[in-house]
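So the chains spell out like this:
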Amino acid sequence: PPDGGWGWAVVFGASISIGFAFTFPKAFTIYFKEIQAVFSISYSQIAWTTSIMCATTYGGGPISSILVNRYGSRPVVMFGGLLCGVGMISAAFCTSILQLYICVGFITGFGLALNLQPSVIIVGKYFLKRRPIANGLAMAGSPVMLCTLAPLNQFLFENFGWRGSFLILGAILLNCCVAGALFRPIGARPAPVKALVTEEGKDALKSKITEDGPMESKPEGEGGKDCFEKINHYLDFSLFKHRGFLIYLIGNVLMFLGFFAPIVFLAPYAKHTGIDEYSAAFLLSILALVDMVARPTTGIIANSRWVRPRIQYFFSFAIAFNGACHLLCPLASSYTGLVVYSSFFGLAFGMVCAMLFETLMDLVGAARFTSAVGLVTIAECCTILLGPPMGGILIDTFGDYKYMFIKCGTVMVLAGTFLFIMNYYNYRMLAKEEKERKTKEEDPKSVRTEDEGKKNWNKDSTQDGPELEPLREKGEEVKKETNG
Amino acid sequence: LLIGVSGAPLEKHVPVPSPTKVELTCKLDDNSNLKDAQVTWKKGNETISHTSKTPNSWTIQLTVSDHSQLGNYTCILKGEKEISAVFHLEVPRIEGKEKPVITYEGDRAVMVCKTEYNAKAWMWYMTNGTELVPIDKILHTDKFQIKRQSASVNRLEILKLTQEDAGVYWCKAAFDLGTSKRRFELRVLSVAAPLKPFIAVVAEVAILVTTIIFYEVYSKRKQKRGEKEFDQTEQL
Numbered sequence: 001p002p003d004g005g006w007g008w009a010v011v012f013g014a015s016i017s018i019g020f021a022f023t024f025p026k027a028f029t030i031y032f033k034e035i036q037a038v039f040s041i042s043y044s045q046i047a048w049t050t051s052i053m054c055a056t057t058y059g060g061g062p063i064s065s066i067l068v069n070r071y072g073s074r075p076v077v078m079f080g081g082l083l084c085g086v087g088m089i090s091a092a093f094c095t096s097i098l099q100l101y102i103c104v105g106f107i108t109g110f111g112l113a114l115n116l117q118p119s120v121i122i123v124g125k126y127f128l129k130r131r132p133i134a135n136g137l138a139m140a141g142s143p144v145m146l147c148t149l150a151p152l153n154q155f156l157f158e159n160f161g162w163r164g165s166f167l168i169l170g171a172i173l174l175n176c177c178v179a180g181a182l183f184r185p186i187g188a189r190p191a192p193v194k195a196l197v198t199e200e201g202k203d204a205l206k207s208k209i210t211e212d213g214p215m216e217s218k219p220e221g222e223g224g225k226d227c228f229e230k231i232n233h234y235l236d237f238s239l240f241k242h243r244g245f246l247i248y249l250i251g252n253v254l255m256f257l258g259f260f261a262p263i264v265f266l267a268p269y270a271k272h273t274g275i276d277e278y279s280a281a282f283l284l285s286i287l288a289l290v291d292m293v294a295r296p297t298t299g300i301i302a303n304s305r306w307v308r309p310r311i312q313y314f315f316s317f318a319i320a321f322n323g324a325c326h327l328l329c330p331l332a333s334s335y336t337g338l339v340v341y342s343s344f345f346g347l348a349f350g351m352v353c354a355m356l357f358e359t360l361m362d363l364v365g366a367a368r369f370t371s372a373v374g375l376v377t378i379a380e381c382c383t384i385l386l387g388p389p390m391g392g393i394l395i396d397t398f399g400d401y402k403y404m405f406i407k408c409g410t411v412m413v414l415a416g417t418f419l420f421i422m423n424y425y426n427y428r429m430l431a432k433e434e435k436e437r438k439t440k441e442e443d444p445k446s447v448r449t450e451d452e453g454k455k456n457w458n459k460d461s462t463q464d465g466p467e468l469e470p471l472r473e474k475g476e477e478v479k480k481e482t483n484g
Numbered sequence: 001l002l003i004g005v006s007g008a009p010l011e012k013h014v015p016v017p018s019p020t021k022v023e024l025t026c027k028l029d030d031n032s033n034l035k036d037a038q039v040t041w042k043k044g045n046e047t048i049s050h051t052s053k054t055p056n057s058w059t060i061q062l063t064v065s066d067h068s069q070l071g072n073y074t075c076i077l078k079g080e081k082e083i084s085a086v087f088h089l090e091v092p093r094i095e096g097k098e099k100p101v102i103t104y105e106g107d108r109a110v111m112v113c114k115t116e117y118n119a120k121a122w123m124w125y126m127t128n129g130t131e132l133v134p135i136d137k138i139l140h141t142d143k144f145q146i147k148r149q150s151a152s153v154n155r156l157e158i159l160k161l162t163q164e165d166a167g168v169y170w171c172k173a174a175f176d177l178g179t180s181k182r183r184f185e186l187r188v189l190s191v192a193a194p195l196k197p198f199i200a201v202v203a204e205v206a207i208l209v210t211t212i213i214f215y216e217v218y219s220k221r222k223q224k225r226g227e228k229e230f231d232q233t234e235q236l
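Chains A and B, in that order, are what the protein sequence lines are.
Going letter by letter, the first sequence gives residues 1 to 484 in full-length UniProt numbering.
Going letter by letter, the second sequence gives residues 1 to 236 in full-length UniProt numbering.
In case anyone wonders, no lab produced these hints; they're calculated from the structure.
As the structure is a prediction and not an experimental result, all values here were calculated from the model.
Backbone N, C-alpha and C define an ideal beta-carbon position, used for all residues, glycine too.
Take these hints with a grain of salt, some might be off.
Unchecked claim - List time: in silico DSS-like cross-link candidates among lysine-lysine, alpha-carbon distance up to 30 Å:
| id | chain 1 | residue 1 | chain 2 | residue 2 |
| --- | --- | --- | --- | --- |
| 1 | A | Lys271 | B | Lys97 |
| 2 | A | Lys271 | B | Lys160 |
| 3 | B | Lys99 | A | Lys271 |
| 4 | B | Lys12 | B | Lys143 |
| 5 | B | Lys160 | A | Lys33 |
| 6 | A | Lys33 | B | Lys114 |
| 7 | A | Lys271 | B | Lys114 |
| 8 | B | Lys172 | B | Lys196 |
| 9 | B | Lys78 | B | Lys12 |
Claimed, not checked - Partial chain B-side listing against chain A, Cβ under 10 Å, derived:
| id | residue |
| --- | --- |
| 10 | Lys147 |
| 11 | Ala151 |
| 12 | Phe198 |
| 13 | Glu204 |
Stated by the list, open to error - Now the in silico label distances, taken between C-beta atoms and shown as ranges:
| id | chain 1 | residue 1 | chain 2 | residue 2 | range |
| --- | --- | --- | --- | --- | --- |
| 14 | A | Ser44 | B | Lys147 | 14 to 24 Å |
| 15 | A | Leu289 | B | Lys99 | 22 to 32 Å |
| 16 | B | Asn45 | A | Leu289 | 25 to 35 Å |
| 17 | A | Ser285 | B | Ser65 | 16 to 26 Å |
| 18 | A | Leu331 | B | Ser219 | 53 to 63 Å |
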């Protein structure tokens, strides 16, 4: 992979795309009050719009992955951008809340799903050595977009009312197509693919051909396959046997239970302790600013020689740190205390987000990342949606916000510890398998490990060979150190 | 009840929806050094005598039975410095949208008035120049709809908007002791208004996408030309 050059343009496009996908639901809440008044509905009814949007964005992950496996990132993102635009433009003409659910919730949500996954995938295709930095920068798009979208939404709303704002937002979302245009396909070389036939099954081979760029050589006898094999061809379900993938999945699903709730309730909590509305909103701005700086910085740290081989530990530490912040929050009762909490929360949040996809890429390898990200997002979908309402129930039952913070903190510390222990175990197993592989000096069997992913990269990008070798060897050295 | 804090001016709004007995207390913060201070309660220029007094607090009791008893009641503390705190006894306020309501031609405008306490009656007015013209919903049911969502929430809907409907509207809530009102500004935009920024953004997107694709095609052609030359030199 190029690890630079046009890659940085791709990172820029990805940050725009990811930014829209993550921040649009949050920025949309400005319109709630007005729409509530116009359609005479309750708060929970209008809140369903963003819930549907989030659910579709994460739930559409596997479909996104399948489409990227088939067509490559670029067409999918451009189509996603179009879909978002169409969704919001049609929302401007809605006359009922149900129509809003469909236009804003489903259509725009699905368009955002088609934006999010391919952007993350293509960053993984363009970078290897500098991938953590690239990921950190791409994810930094989210807070930047939030800082611009929120005031922009306010401005649009005050000048054009909600209908006009939706129309203009639809046009703004079309910028995702611009981001998509930057995603120049980086193709697989057809020749080295033959060498892979003996390693993984024929299914994996075909998913490799169809993964990057247009289909030049159609796989034979596709019509003869049965339905299950066909699905496996587009979405790699064998990932569920991958140890690293399962660890990541369980840890992340657990983490997301407590991830978003504190942000949702930070401003209400501040108002509850007597702080005025503008200062409470300012807390969120502090969070976003720190987040903005934290993400690329984490990327740079994660890329360094010392951290990269042990990036999973760094990730678990970031999650546990996040949890610790939440556990300490109830102790902060004054405004300065909350400011300190917001800054640390912003830092921790940025650290986790920057490495969210990087660690997954690290575990399953760039080849299978496409399917992995789709499967992970649909699993996370449930807990992401459950998190804030659970926090809300805790707040309503006890009338005190501290139980929500305690719950989020505990969940995240647990997730962090779980990931730490399991990854320690995983690293040891990987080192063991590496040793076995080296002593046997033959192709590995069906054990899918990170090494195998890297080896595949070795084979299908032969001109980058010398670059990868030092990286792999360094990795092995560190693993031997941790073992010995 | 007001707790004394030095520096900021002290004010409190006390909504009084119906005739009732009200107790106002000025309390001195325990940490303050102002001891043996003199406190007087005043309404305007009239002094009111205390009903009860403790070393740190001074209380008056009032029976509010009609509009004249509403107003500003001040407790003045004369010590080293003179500190005063004001209680505004008034009819309950109406909450509603402060910023202008923006709608489009042919669309529906909604204005909602909400109070903390149940109002006895609601009235809506539109302005004709400087005059307040009451909106008679019975007369124009296809244009104006006034919906009573509860005793404390009232809503005016204006259908089939035109440019002439733009202007200032008032909602009035009547309580036992008086009325309070709220002002709404309605702006009716034409459909073309948001189209200008919309088209501008779409044009920007189209230009960027075409530029990026052209640049890509151009650089690919350059690469191919370079490769062809390379092949030719090899053949030689």
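Quick rundown of the hints versus the structure:
Our distance criterion of 30 Å between C-alpha atoms is met by Lys271/A and Lys97/B, whose separation comes to about 20 Å. Simply put, Lys271/A and Lys160/B have alpha-carbon atoms about 39 Å apart, too far for the 30 Å limit, and the pair is violated. About 22 Å separates the Cα atoms of Lys99/B and Lys271/A, which keeps this hinted pair within 30 Å; it holds. A C-alpha spacing of about 41 Å is found between Lys12/B and Lys143/B, which places the hinted pair above 30 Å, so the restraint is violated.
Between Lys160/B and Lys33/A, the direct Cα distance comes to roughly 22 Å. Compliance with the 30 Å bound is thereby established for this hinted pair. The suggested pairing of Lys33/A with Lys114/B holds, with an alpha-carbon distance near 14 Å, which does not exceed 30 Å. The straight-line distance between the Cα atoms of Lys271/A and Lys114/B is roughly 21 Å, inside the 30 Å bound, and the hint therefore holds. Distance restraint check for Lys172/B and Lys196/B: the Cα-Cα separation of roughly 38 Å exceeds the 30 Å cut-off, and the hinted pair is therefore not satisfied.
As the CA atoms of Lys78/B and Lys12/B are separated by approximately 20 Å, the hinted pair is consistent with the 30 Å bound. Hint status for Lys147/B: holds, given a least beta-carbon distance of 8 Å to chain A, under 10 Å. Interface restraint check: Ala151/B against chain A, minimum CB-CB distance 17 Å, threshold 10 Å, status violated. A distance limit of 10 Å between C-beta atoms decides the matter here; for Phe198/B the minimum to chain A is near 5 Å, and the interface restraint holds.
Hint status for Glu204/B: holds, given a least beta-carbon distance of 8 Å to chain A, under 10 Å. In this structure the supplied range 14 to 24 Å holds for Ser44/A paired with Lys147/B, their Cβ-Cβ distance being about 21 Å. A beta carbon spacing of about 27 Å between Leu289/A and Lys99/B agrees with the range 22 to 32 Å that was offered as a hint. In this structure, Asn45/B and Leu289/A break the distance hint of 25 to 35 Å, their C-beta atoms being roughly 53 Å apart.
With their beta carbons about 50 Å apart, Ser285/A and Ser65/B fall outside the hinted range of 16 to 26 Å. Distance hint check for Leu331/A and Ser219/B: the Cβ-Cβ separation is about 57 Å, which falls inside the suggested range of 53 to 63 Å.
Of the numbered hints listed earlier, those contradicted by the structure are 2, 4, 8, 11, 16 and 17.
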